[in-house]
Amino acid sequence: MNFSTLIVQLVNGLQTGSVYALVALGYSMVYGIILLLNFAHGDIIMVGAYMVYYGIASFAFPPVVAVILAVIVSTALGVIIEKVAYTPLRNAPRLSLLITAIGVSFLLENGAQMIFGADQKSMSPMVSGNVRIGSVSISMAAIVTILVSVAAMVLLTLFVNKTKMGKAMRAVSEDMGAAQLMGISLNRTISITFAVGSALAGLGSALYLCAYPQASPTMGSMLGIKAFVAAVLGGIGSIPGAVLGGFAIGILEALVSAVHLSMWKDAVVFLVLIVVLLFKPTGFLGRKIQEKV
Amino acid sequence: MENFRMKTWQSYVLNTVLIVLLWTVMTVMISGGVITNYWRGILITIGINIILATSLNLACGYLGQLPLGHAGFMAVGAYAAGIFMKAVPAASLIKAGRNAALVPYIFAAVVISAVVAGIFGLLVGIPALRLKGDYLAIITLGFGEIIRIVLTNIDSVLGFKFTYGSAGLARIPKYTGFNTAFIVVVLCVAIIHTFMKSRHGRAVLSIRENEIAAESVGVNITFYKTTAFVLSAMLAGVAGCLYAGYLGSLYPSTFKFMKSIEILVMVVLGGMGSMLGSIISAVVLTALPELLRAFSDYRMVAYSLALVLMMIFRPEGLMGRYDFSMKKIVEDLVNGKIHINIPKFKIPFCRKNRNVQGGK
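Chains as they are written, first to last, in the numbering used here: chain W, 1 to 293; chain L, 294 to 653.
Derived by calculation from the structure, the hints in this document are not laboratory data. Treat the hints with caution; some may be incorrect.
[As the list claims (entries may be wrong)] With a straight-line cut-off of 27 Å between C-alpha atoms, the simulated DSSO-like cross-links for lysine-lysine are:
id: 1; chain 1: W; residue 1: Lys121; chain 2: L; residue 2: Lys552
id: 2; chain 1: W; residue 1: Lys121; chain 2: L; residue 2: Lys549
id: 3; chain 1: L; residue 1: Lys467; chain 2: L; residue 2: Lys388
id: 4; chain 1: L; residue 1: Lys620; chain 2: L; residue 2: Lys490
id: 5; chain 1: L; residue 1: Lys490; chain 2: L; residue 2: Lys621
id: 6; chain 1: W; residue 1: Lys280; chain 2: L; residue 2: Lys425
id: 7; chain 1: L; residue 1: Lys300; chain 2: L; residue 2: Lys620
id: 8; chain 1: W; residue 1: Lys265; chain 2: L; residue 2: Lys454
id: 9; chain 1: L; residue 1: Lys454; chain 2: L; residue 2: Lys388
id: 10; chain 1: L; residue 1: Lys549; chain 2: L; residue 2: Lys454
id: 11; chain 1: W; residue 1: Lys265; chain 2: L; residue 2: Lys552
id: 12; chain 1: L; residue 1: Lys549; chain 2: W; residue 2: Lys265
id: 13; chain 1: L; residue 1: Lys300; chain 2: L; residue 2: Lys621
id: 14; chain 1: L; residue 1: Lys552; chain 2: L; residue 2: Lys467
id: 15; chain 1: L; residue 1: Lys549; chain 2: L; residue 2: Lys467
id: 16; chain 1: L; residue 1: Lys490; chain 2: L; residue 2: Lys425
[Said to hold, decoys possible] Listing some non-contacts, in silico: residues in chain W with all C-beta distances to chain L over 12 Å:
id: 17; residue: Phe3
id: 18; residue: Ile7
id: 19; residue: Val65
id: 20; residue: Ile72
id: 21; residue: Gly103
id: 22; residue: Asn110
id: 23; residue: Asp119
id: 24; residue: Met123
id: 25; residue: Val127
id: 26; residue: Ser137
id: 27; residue: Thr157
id: 28; residue: Lys167
id: 29; residue: Met263
Predicted model, so just to flag it, every value in this text is computed and none were measured. Cβ atoms here follow ideal geometry from the backbone N, Cα and C, with glycine treated the same way.
My request is simple: use the sequences and hints to build the entire structure.
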């Protein structure tokens, strides 16, 4: 493997990694606040991808409008799921909540299969062209993806750290009961967390389509699981951790593909997850959760 | 007057008689043509699903963990049995109609698939059971997917045809008949039942109720968690063995994450921690789609919707933790205190969840 292939693979890795990171942020925020593995998150991406596809292919919207449509629909979907499926179970045992999330995920997947059809919908790439830097040729899509996702992450960090709502979110994830006593509206904070996470998923779906321009009902499940792995790897509940994990998984996959083992890509990702969980169950940057008797 | 109580051996005899009776009725119906060939196949599928659901119930309902890789163990068992049966001269025996000579091979296949799946269960369980809750779910999901990916790609590493990759392991002799399936199902259910009624079963239940409390009264948590998990994996392997012999060909794509969820749906709908619930929902969820062929497109939508609604409105499942006991019914009948026995519904995992409620 020569140097320029390595660079190209690394850029590819960063491109998929930034999509994973965006999706992982949604997982991580939701987990941080209500300790729920939102299995449906991956399928929100799938719905977002269909919105982009129909926006561009059927209604001939300009790509930016289609992406905004996808973000709006994903946000709405995320909030609706939270209100309908998760709010009634807020005080239920965690396992019930987890099973509900799995149920919602499969409902979305199979619902999409009924509505949109089981076949893959291919579209022409939204961003085309290459940029040459020296002997290395990098696709425009990769550059756009990386820039957009880094911008989104910076905005999210500012939102969480600088705004009042962000403060409320941090407070709820720290201690739900105490936050409520301090006058923070639990319902509103949790809904906004879902909204922000799902909006990022919508954006992620558009960026995913830049790399692989086709939508299918099951595209969300693997992408979602990988992003979840990224979130766990980085330390679930931690925003920089999710970003770090996303890029780590993306680059890992690219490197595995670079040595012609792309068939084993998923297995390697899960293996790394298992090893990390065994030796550092809280991930790279996770908080330590202590169990009280 | 003293209350009538059945002796243990009497209840065993009663249950055996009932099972033999059920088998006789079904056999008569099959030979009389009431149960068509088509429905006999469905009965076998129901049997496979009963084993899958009750074995997952062991890890999920009784042990209180949430493993999401059950399909992986089923796949391991299925491939082990399939490869074994292709290696031995089972196909020619079936062709010659020498069913009696086939029995030892089937027995060996069941044992092999159980042992191989058990080994994998041990390999997965020892690291996975160190984690809890969501992490355990995700790590078993990871293992299940790894098993599937390995089954798909192992040939390119070994350099010879072993699992035939995504093309599938075809032409396995079809050794699973109705009788085989019936006997294996009864054995599997009996194993789980007796395990749960033994002191080991009570230790497993105590882990579900409160791990720390169980440990403090001297229950070896790691040992019992691993035992229950491995037993669950072994029985999933046996289900895989029946599956391989019923279909005659295996594809890694059958054993996706989706399959694990389908089994989980059966357990959850039936009621986590109720053997009767698992069996009923395995029967209903297998037979219903066949009866409603016209709606087969909506099957998975209905499953997932049922799962969500069940969790919101009746998180304890259809049967809760109620378990059925013939012995108890007979005793109550004789003692004249039969009344509609409303099962005590307790929400599974109803310990107050500190993590959600407040402080860490």
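Taking the hints in turn, this is what the structure says about them:
Between Lys121(W) and Lys552(L), the direct Cα distance comes to roughly 25 Å. Compliance with the 27 Å bound is thereby established for this hinted pair. Proposed proximity of Lys121(W) and Lys549(L) is supported: the alpha carbons are some 22 Å apart, at most 27 Å. The suggested pairing of Lys467(L) with Lys388(L) holds, with an alpha-carbon distance near 10 Å, which does not exceed 27 Å. Pair hint Lys620(L) plus Lys490(L) holds up; C-alpha atoms about 14 Å apart against a cutoff of 27 Å.
Note on Lys490(L) and Lys621(L): the hinted pairing holds, with a Cα-Cα distance of about 14 Å set against a maximum of 27 Å. Between Lys280(W) and Lys425(L), the direct Cα distance comes to roughly 14 Å. Compliance with the 27 Å bound is thereby established for this hinted pair. For the proposed pair Lys300(L) and Lys620(L), the alpha carbon gap of about 9 Å is at most 27 Å, so the pair holds. Our distance criterion of 27 Å between C-alpha atoms is met by Lys265(W) and Lys454(L), whose separation comes to about 22 Å.
Taking the CA atoms of Lys454(L) and Lys388(L), the gap is about 25 Å. The hint holds against a cut of 27 Å. Of the supplied pair hints, the one linking Lys549(L) and Lys454(L) holds, its CA atoms being roughly 22 Å apart against a limit of 27 Å. About 21 Å separates the Cα atoms of Lys265(W) and Lys552(L), which keeps this hinted pair within 27 Å; it holds. Between Lys549(L) and Lys265(W), the direct Cα distance comes to roughly 16 Å. Compliance with the 27 Å bound is thereby established for this hinted pair.
At roughly 11 Å between alpha-carbon atoms, Lys300(L) and Lys621(L) fall within 27 Å of each other, so this suggested pair holds. For the proposed pair Lys552(L) and Lys467(L), the alpha carbon gap of about 22 Å is at most 27 Å, so the pair holds. Taking the CA atoms of Lys549(L) and Lys467(L), the gap is about 23 Å. The hint holds against a cut of 27 Å. Taking the CA atoms of Lys490(L) and Lys425(L), the gap is near 25 Å; set against the 27 Å cutoff, the hint holds.
No beta-carbon of chain L comes within 12 Å of the beta-carbon of Phe3(W); the shortest separation is about 28 Å. With a least beta-carbon separation of about 28 Å from chain L, Ile7(W) lies farther than 12 Å from that chain, consistent with its non-interface assignment. Taking the minimum C-beta to C-beta distance to chain L, about 31 Å, the non-interface status of Val65(W) holds against the 12 Å cut. With a least beta-carbon separation of about 24 Å from chain L, Ile72(W) lies farther than 12 Å from that chain, consistent with its non-interface assignment.
Not every CB of chain L lies more than 12 Å from the CB of Gly103(W), the least distance being 3 Å, so the non-interface label is violated. Distance check for Asn110(W) against chain L: the nearest CB is about 4 Å away, which does not clear 12 Å, and the non-interface claim fails. A cut-off of 12 Å between C-beta atoms confirms that Asp119(W) is not in contact with chain L; the least separation is 14 Å. With 12 Å as the threshold on Cβ separation, the claim that Met123(W) sits away from chain L holds: the shortest Cβ distance comes to roughly 25 Å.
Residue-level check passed: Val127(W) sits 31 Å from the nearest beta carbon of chain L, beyond 12 Å. No Cβ of chain L approaches the Cβ of Ser137(W) within 12 Å, the least distance being about 30 Å, so the stated non-interface status holds. Against the 12 Å criterion, Thr157(W) stays outside the reach of chain L, whose nearest CB is about 23 Å from its own CB. No beta-carbon of chain L is positioned within 12 Å of the beta-carbon of Lys167(W); the least distance is around 19 Å.
Not every Cβ of chain L is farther than 12 Å from the Cβ of Met263(W); the closest lies at roughly 5 Å, contradicting the non-interface assignment.
When the structure is compared with the earlier hints, violations turn up for hints 21, 22 and 29 and for no others.
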